[in-house]
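Number of protein chains: 2
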Amino acid sequence: MPELHSDLLGALSARLGAKHVIADPAGMESYLVEERKLYRGTALAVVRPGSTEEVAFVVRECARAKVAVVPQGGNTGLVGGGVPHTGIVLSLARLDRIREVNPFNATMIVEAGCILRNVQDAAEKVDCIFPLSLASEGSCRIGGNISTNAGGVNVLRYGNTRELVLGLEVVLADGRIWNGLKSLRKDNTGYDLKNLFIGSEGTLGIVTAAVLKLFPKPKTRVTAFIGCASPHAALDLFEGLRQTMGDELTAFEFMPHFALDIVLRHAPGAVRPLSGDHAAYALIEVASPDPDLDLRELLEKALGAAFENGTVEDAAIAASEAQNAALWHLRESLSDVQGLEGGSIKHDVSVPVSDVADFIVTASRACEEALPGIRVCAFGHFGDGNIHFNLTQPVDMEKPLFLAQWERFNRIVHDIVHAMNGSISAEHGVGLIKRDELARYKDPVALDLMKTLKRALDPQNILNPGKVVALEGDLPPALPMGKKG
Amino acid sequence: MPELHSDLLGALSARLGAKHVIADPAGMESYLVEERKLYRGTALAVVRPGSTEEVAFVVRECARAKVAVVPQGGNTGLVGGGVPHTGIVLSLARLDRIREVNPFNATMIVEAGCILRNVQDAAEKVDCIFPLSLASEGSCRIGGNISTNAGGVNVLRYGNTRELVLGLEVVLADGRIWNGLKSLRKDNTGYDLKNLFIGSEGTLGIVTAAVLKLFPKPKTRVTAFIGCASPHAALDLFEGLRQTMGDELTAFEFMPHFALDIVLRHAPGAVRPLSGDHAAYALIEVASPDPDLDLRELLEKALGAAFENGTVEDAAIAASEAQNAALWHLRESLSDVQGLEGGSIKHDVSVPVSDVADFIVTASRACEEALPGIRVCAFGHFGDGNIHFNLTQPVDMEKPLFLAQWERFNRIVHDIVHAMNGSISAEHGVGLIKRDELARYKDPVALDLMKTLKRALDPQNILNPGKVVALEGDLPPALPMGKKG
Numbered sequence: 004m005p006e007l008h009s010d011l012l013g014a015l016s017a018r019l020g021a022k023h024v025i026a027d028p029a030g031m032e033s034y035l036v037e038e039r040k041l042y043r044g045t046a047l048a049v050v051r052p053g054s055t056e057e058v059a060f061v062v063r064e065c066a067r068a069k070v071a072v073v074p075q076g077g078n079t080g081l082v083g084g085g086v087p088h089t090g091i092v093l094s095l096a097r098l099d100r101i102r103e104v105n106p107f108n109a110t111m112i113v114e115a116g117c118i119l120r121n122v123q124d125a126a127e128k129v130d131c132i133f134p135l136s137l138a139s140e141g142s143c144r145i146g147g148n149i150s151t152n153a154g155g156v157n158v159l160r161y162g163n164t165r166e167l168v169l170g171l172e173v174v175l176a177d178g179r180i181w182n183g184l185k186s187l188r189k190d191n192t193g194y195d196l197k198n199l200f201i202g203s204e205g206t207l208g209i210v211t212a213a214v215l216k217l218f219p220k221p222k223t224r225v226t227a228f229i230g231c232a233s234p235h236a237a238l239d240l241f242e243g244l245r246q247t248m249g250d251e252l253t254a255f256e257f258m259p260h261f262a263l264d265i266v267l268r269h270a271p272g273a274v275r276p277l278s279g280d281h282a283a284y285a286l287i288e289v290a291s292p293d294p295d296l297d298l299r300e301l302l303e304k305a306l307g308a309a310f311e312n313g314t315v316e317d318a319a320i321a322a323s324e325a326q327n328a329a330l331w332h333l334r335e336s337l338s339d340v341q342g343l344e345g346g347s348i349k350h351d352v353s354v355p356v357s358d359v360a361d362f363i364v365t366a367s368r369a370c371e372e373a374l375p376g377i378r379v380c381a382f383g384h385f386g387d388g389n390i391h392f393n394l395t396q397p398v399d400m401e402k403p404l405f406l407a408q409w410e411r412f413n414r415i416v417h418d419i420v421h422a423m424n425g426s427i428s429a430e431h432g433v434g435l436i437k438r439d440e441l442a443r444y445k446d447p448v449a450l451d452l453m454k455t456l457k458r459a460l461d462p463q464n465i466l467n468p469g470k471v472v473a474l475e476g477d478l479p480p481a482l483p484m485g486k487k488g
Numbered sequence: 004m005p006e007l008h009s010d011l012l013g014a015l016s017a018r019l020g021a022k023h024v025i026a027d028p029a030g031m032e033s034y035l036v037e038e039r040k041l042y043r044g045t046a047l048a049v050v051r052p053g054s055t056e057e058v059a060f061v062v063r064e065c066a067r068a069k070v071a072v073v074p075q076g077g078n079t080g081l082v083g084g085g086v087p088h089t090g091i092v093l094s095l096a097r098l099d100r101i102r103e104v105n106p107f108n109a110t111m112i113v114e115a116g117c118i119l120r121n122v123q124d125a126a127e128k129v130d131c132i133f134p135l136s137l138a139s140e141g142s143c144r145i146g147g148n149i150s151t152n153a154g155g156v157n158v159l160r161y162g163n164t165r166e167l168v169l170g171l172e173v174v175l176a177d178g179r180i181w182n183g184l185k186s187l188r189k190d191n192t193g194y195d196l197k198n199l200f201i202g203s204e205g206t207l208g209i210v211t212a213a214v215l216k217l218f219p220k221p222k223t224r225v226t227a228f229i230g231c232a233s234p235h236a237a238l239d240l241f242e243g244l245r246q247t248m249g250d251e252l253t254a255f256e257f258m259p260h261f262a263l264d265i266v267l268r269h270a271p272g273a274v275r276p277l278s279g280d281h282a283a284y285a286l287i288e289v290a291s292p293d294p295d296l297d298l299r300e301l302l303e304k305a306l307g308a309a310f311e312n313g314t315v316e317d318a319a320i321a322a323s324e325a326q327n328a329a330l331w332h333l334r335e336s337l338s339d340v341q342g343l344e345g346g347s348i349k350h351d352v353s354v355p356v357s358d359v360a361d362f363i364v365t366a367s368r369a370c371e372e373a374l375p376g377i378r379v380c381a382f383g384h385f386g387d388g389n390i391h392f393n394l395t396q397p398v399d400m401e402k403p404l405f406l407a408q409w410e411r412f413n414r415i416v417h418d419i420v421h422a423m424n425g426s427i428s429a430e431h432g433v434g435l436i437k438r439d440e441l442a443r444y445k446d447p448v449a450l451d452l453m454k455t456l457k458r459a460l461d462p463q464n465i466l467n468p469g470k471v472v473a474l475e476g477d478l479p480p481a482l483p484m485g486k487k488g
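Protein chains in written order, with my numbering: chain A, 4 to 488; chain B, 4 to 488.
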């Protein structure tokens, strides 16, 4: 190790305590490999500061030594954004205090390392909700959610993470702390710094704390599982429900027949929701903070109309919280069971909501033509226009042979998305895995603006270098550890 | 005129047509003076491009000649943000096409020069609403609303302008066009460029078009005018209604007794809403897209509970759309009638919603102690924590003597706002009038970040120079034409 680096680690140990500067391979292991095992990184050390001031100290020292800093929360990201190539990993895990819960202002102030579920629980304790909800909520950390602008199942009603944040505290590339922890609904005193850091994946600054919005806790919720003849019928249903139910419609998730089929085949405890088979399924939820509102009656009425005009073929409306949960279980099991059917080539895309059925049909056909026997598992946040357009291998194909076509199918799917003025990364971000794909599809002026911002805010390129946008001198994307899948 | 400038105007005339390059004093007059007549600017010329490409051409030519460009929409801003000191005024008024209305995606694409009311009307035609609504909606233009992140009376339910914009088209400081006209609900492909331009008051780029969000049109609305014993009782009422009515609560506006008193005294057609007098009044609205929902019954029930526990002293619930309008008329008349009571020193501030009653009481007392007889007219968007904390002169004082104390009362009020972690500009922006006040109160790291962004995106400082943040070489704030008021 060069002397400079050893000086740096010595300085960090002196300030943070030796046990919070981890440089042995075994101790570093879990920070170097990400959830899907696509990438293995390398780093000088993992440091675990315990306060915003310590984060600032680490960044200041690294800036002085020109050593990269890769911030990491729960390390649950799906795009390799937290994998280091060089420099140090800065874990936010010890910044896990909930600083304030204010139900009267409908806000809370949390540190970046708080696990999402703990944030949700703290809101529930004061009869509110923090609505961000996603599969990894038991281990992801709010700083990671913020730096990736996480989505999830409640975006339809409550928005992306971006819409749930009122203020931020951020450590900048030179180690200064920006205190933007405002709990205000309106503030027009200058440029919107907050949104610049949200979704920038730790490349412009390191989020250390945030002011989050809370919402009144729904007092009633009703879930329904609905069978439709096609994605287009599901879209008609969505449009109709949105017109009448407005914000009471809190979720509208989509699953094709293939998806329900593999869930029923593989997921423990999955119960068939409807007696017959349908080409397209919608899992919907309506909710209200008003305990006196008869949501079930309102929903039955809306679905009755949709049944009569042929939009809906069949529907099951949950009659209890247990039945609500059983229907959600079908949707939530889907991510886990896909792997049991073999290799899977994945896409996280969005199009205008009005085009989502067209997209599913067009892209499905293109993939089926490109590889007969491929099984399209296009599911997800239909009401947001966000589809996890996943492709499961043909039954009789070798998995590696299928996965070798990853880039080919990326091109087919992303070209269709691009032609529909959509997004090739709706909610998972860019990280490493989509960095060069982004350079292909993004408006060149936008890409250039991103580079200008990166250079202005991180002139030494030490914050999570090589992620989101590649600057001159950045490494190529890390080599995957094996085939993707 | 220097040769360089005459060359520039010649080039602009050749491209735009001579009649769209106005350099005579009479033709320029209305572009040089702003609504409240606080400032008079100077400019080489006013140009009126007719397309995004022409806007880009103008900026490119000005960049080459190092001449400032001051973008202007409806020229209805309240902070001097559109007043030129030098260079040319670029009017967006001719970019007034509505490019697309898509009720199925709940979006529309509009050009910057569209008058807000025309945008609202186009949404209504497809049974949707564009919810931004403010006093100047008949003449302000959407590009100005976007560049100032306008607020208004529907923020409680629908958010600020920032929350209503999905995509932008922007001409940059070098004349390039960034096409970010995406109609997507989710898009995590890189930095959030959109929010950087929204609210930057034309200092980072010139918005030429935008994708706006539409919402289902409410099918029922009920307005109520409520008398409370104090601002704190009004806050209790707000907290209670938010908990049960959630998003059906679309507006919660506040007026003190003094405000209702001058409205009833001066406003044509104003009708007393309640038989008795109360210290604090709330104008609230509940609305729903569901035509079957009995909102009046839900509201009566909620207010009944508030009446029983003493939060509410009296309430009038409108029984027809005409009565809804009559109650709103009281609130909408307030801006006009204040001037009839003499000089007015104005503040547009926000605090956390949970502190809004404390703020009103504390700031009122401080002002009344500072000048006995002063009449506090603190009204506005209570549910957003945004108060127009206006001070009307004592009855027997000379108006100029009162207005001479403008800076003194700014200091008293803004110091209290600052101590409550509030904002000294909640919805009107910074422009010229609050630029130096901002430098006093804004976090210095934030101010420095703002300057860094300005220098990165507009290295020649030609876009609306001297507004929002002052860089080296910028002129001091323009001299007011007379006393403010």
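Calculated from the structure, these hints are not laboratory results.
Please read all numbers here as calculations on a predicted model, not as lab measurements.
The reader is advised that the hints may include incorrect statements.
A pair counts as met if it fits within one copy or between any two copies, since identical chains are not told apart.
Cut-off 20 Å, straight-line C-alpha distance, at most; resulting in silico cross-link-like pairs (DMTMM-like, lysine to aspartate or glutamate) [claimed, not checked]:
| id | residue 1 | residue 2 |
| --- | --- | --- |
| 1 | Lys304 | Asp10 |
| 2 | Lys402 | Asp177 |
| 3 | Lys454 | Glu311 |
| 4 | Lys185 | Glu103 |
| 5 | Lys220 | Asp250 |
| 6 | Lys222 | Glu127 |
| 7 | Lys40 | Glu56 |
| 8 | Lys40 | Asp317 |
Results for each hint:
no.: 1; hint: Lys304 to Asp10; verdict: neither (70 Å within a copy, 69 Å between copies)
no.: 2; hint: Lys402 to Asp177; verdict: neither (47 Å within a copy, 51 Å between copies)
no.: 3; hint: Lys454 to Glu311; verdict: neither (54 Å within a copy, 60 Å between copies)
no.: 4; hint: Lys185 to Glu103; verdict: within (12 Å within a copy, 36 Å between copies)
no.: 5; hint: Lys220 to Asp250; verdict: both (14 Å within a copy, 12 Å between copies)
no.: 6; hint: Lys222 to Glu127; verdict: within (12 Å within a copy, 32 Å between copies)
no.: 7; hint: Lys40 to Glu56; verdict: neither (32 Å within a copy, 48 Å between copies)
no.: 8; hint: Lys40 to Asp317; verdict: neither (41 Å within a copy, 64 Å between copies)
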